[in-house]
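Using the sequences provided together with the hints, build the complete structure.
Protein sequences appear in the order of chains A and B.
Going by our numbering, the first residue of the first sequence is number 637, and it counts up by one from there.
Going by our numbering, the first residue of the second sequence is number 8, and it counts up by one from there.
A portion of the hints provided could be inaccurate.
Straight line, CA to CA, 30 Å or less: simulated DSSO-like cross-link-like pairs of lysine-lysine [stated by the list, open to error]: (1) B:Lys-16 to A:Lys-736; (2) A:Lys-736 to B:Lys-77; (3) B:Lys-78 to A:Lys-736; (4) A:Lys-678 to B:Lys-78; (5) B:Lys-64 to A:Lys-638; (6) B:Lys-90 to A:Lys-638.
Bear in mind the hints are in silico, worked out from the structure with no lab data behind them.
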Amino acid sequence: QKEVEQDPGPLSVPEGAIVSLNCTYSNSAFQYFMWYRQYSRKGPELLMYTYSSGNKEDGRFTAQVDKSSKYISLFIRDSQPSDSATYLCAMRSDTGTASKLTFGTGTRLQVTL
Amino acid sequence: DGGITQSPKYLFRKEGQNVTLSCEQNLNHDAMYWYRQDPGQGLRLIYYSQIVNDFQKGDIAEGYSVSREKKESFPLTVTSAQKNPTAFYLCASGTGSRETQYFGPGTRLLVL
Chain A
637 QKEVEQDPGP
647 LSVPEGAIVS
657 LNCTYSNSAF
667 QYFMWYRQYS
677 RKGPELLMYT
687 YSSGNKEDGR
697 FTAQVDKSSK
707 YISLFIRDSQ
717 PSDSATYLCA
727 MRSDTGTASK
737 LTFGTGTRLQ
747 VTL
Chain B
8 DGGITQSPKY
18 LFRKEGQNVT
28 LSCEQNLNHD
38 AMYWYRQDPG
48 QGLRLIYYSQ
58 IVNDFQKGDI
68 AEGYSVSREK
78 KESFPLTVTS
88 AQKNPTAFYL
98 CASGTGSRET
108 QYFGPGTRLL
118 VL
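The following block contains the structure:
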């Protein structure tokens with residue numbers, strides 16, 4: 637079993653829809669959680685970075701963390717065609733000085749007109 | 008502009024050849040990382056470095072080598088011992104503990 641599980645999609649939604657992207661994890665030592673957006677043939681771009689359980693909002697994006705269930709989500713409101721990309725979740729524990737991240741495999745999102 | 012640059016964008020390797028991928032950052036970050044990305048497998052850590060002149064193996068270091076002679080630079084060499092080198096290679100940097108990582112644009116390595 638992988639430490640981080642993420643549905644690969646593809647997920648296709650119409651423009652304006654609310655998108656929900658999810659990851660589950662098995663390592664209870666994970667304390668920091670990130671979402672990256674990756675356009676085709678480009679490097680990942682950091683979208684959200686959270687530490688505590690609960691919600692964090694930034695514009696149309698909301699990151700949600702539930703440590704008791706080992707479950708994180710990224711919600712995208714009023715989705716746009718420019719949101720079409722692969723979304724990677726990443727997480728790490730708070731041990732040592734190395735910031736080693738464990739990534740999900742990514743969910744491919746397609747927002748259609 | 009602060010950021011991470013990787014070169015070349017595309018690289019072709021002949022069998023038995025060593026090739027070197029460049030990664031430079033001007034973010035003044037202490038830590039730098041190399042990842043390999045294959046379809047359906049996410050990002051896997053090859054090597055990382057927390058300070059100059061020091062680096063550690065990641066999860067898939069076999070067939071790769073690195074150096075960290077300058078804070079700004081962390082080149083990756085794909086050696087002939089790496090039998091399946093075709094992949095998208097991503098360099099990242101970060102400030103270390105309690106911080107996240109920022110990625111470069113990537114290098115796509117193909118085998119001739």
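30 Å Cα cutoff - pair Lys-64 (chain B), Lys-638 (chain A): Holds, at roughly 20 Å.
Please work out if Lys-736 (chain A) and Lys-77 (chain B) have their alpha carbons no farther apart than 30 Å. With a Cα-Cα distance of about 21 Å, the restraint between Lys-736 (chain A) and Lys-77 (chain B) holds, given a limit of 30 Å.
Check the hint pairing Lys-678 (chain A) with Lys-78 (chain B) against an upper bound of 30 Å on the C-alpha distance. Distance ~24 Å between Lys-678 (chain A) and Lys-78 (chain B) Cα, so the pair holds.
For the pair supplied as a hint, Lys-16 (chain B) and Lys-736 (chain A), is the alpha-carbon distance within the 30 Å limit? Distance of about 25 Å is within 30 Å: holds.
Is the Cα-Cα distance between Lys-90 (chain B) and Lys-638 (chain A) 30 Å or less? Satisfied, since the Cα-Cα distance of roughly 24 Å is no more than 30 Å.
Holds or violated: are the alpha carbons of Lys-78 (chain B) and Lys-736 (chain A) at most 30 Å from each other? Holds, at about 18 Å.
In summary, this structure violates none of the numbered hints.
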